[in-house]
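Residue numbers (our numbering), protein chains in the order written: chain A, 141 to 254; chain B, 25 to 133.
Think of the hints as simulated: they come from the structure by calculation, not from any bench. A few of these clues could be false.
Lysine to aspartate or glutamate pairs mimicking DMTMM-like chemistry, simulated, CA-CA at most 25 Å apart [claimed, not checked]:
id, chain 1, residue 1, chain 2, residue 2
1, A, Lys197, B, Glu69
2, A, Lys197, B, Asp55
3, B, Lys93, B, Glu35
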Amino acid sequence: KAGVTQTPRYLIKTRGQQVTLSCSPISGHRSVSWYQQTPGQGLQFLFEYFSETQRNKGNFPGRFSGRQFSNSRSEMNVSTLELGDSALYLCASSLALGRGNTQYFGPGTRLTVL
Amino acid sequence: DAKTTQPNSMESNEEEPVHLPCNHSTISGTDYIHWYRQLPSQGPEYVIHGLTSNVNNRMASLAIAEDRKSSTLILHRATLRDAAVYYCIRIFGNEKLTFGTGTRLTIIP
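Take the sequences, apply the hints, and build the full model.
Written as structure tokens, this is what we have:
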């Protein structure tokens with residue numbers, strides 16, 4: 141079974157631009173979560189989607205948004221990019237919501253904002 | 025804010041067992057303990073999880089204290105490929121993963 145895939149793997153943008161990242165979960169997985177990883181803040185939860193609905197949200201400004209499609213694929217969007225948005229953005233999928241469900245992570249998208 | 029406490033770093037010799045500790049003193053009765061690890065330049069990888077009793081899988085064992093306030097991830101025979109940052113995570117309430125700073129494990133050949 142193919143793992144979680146994320147596109148693009150690397151991205152360079154300038155301040156003020158917007159960016160869209162894509163995540164394809166493992167086949168059959170219906171939950172997709174997004175995380176931001178930076179050297180200073182570590183791994184931080186952005187949001188989680190299940191059945192095309194946002195179920196959980198972390199403490200990030202409204203510039204960060206996401207959506208999930210009927211095939212469980214997900215996108216996240218960051219508008220009006222700031223230098224501090226430079227990070228590794230990770231997507232994870234799981235079969236369902238629930239505390240015991242294992243999350244499977246993709247390789248991440250490395251975003252650099254200049 | 026519910027958190028776990030782990031040592032910042034540990035070292036172990038290759039082919040020896042490794043015991044990675046984690047404290048979660050405010051854990052509630054229905055909170056799971058999950059362990060993930062992150063190898064260099066990769067996304068986190070699931071290792072093991074448990075609720076109350078000890079758990080084993082092909083990667084590791086998880087020993088959970090009787091009062092559930094601490095747990096230990098056991099790698100039975102460390103290899104160089106086990107060098108990674110190991111995260112102990114308590115999953116509570118709204119079901120999201122909250123990663124701490126983890127333990128950076130160095131394997132000495």
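Each hint, compared with the structure:
| no. | hint | in the structure |
| --- | --- | --- |
| 1 | A:Lys197 <-> B:Glu69 | 22 Å, holds |
| 2 | A:Lys197 <-> B:Asp55 | 19 Å, holds |
| 3 | B:Lys93 <-> B:Glu35 | 24 Å, holds |
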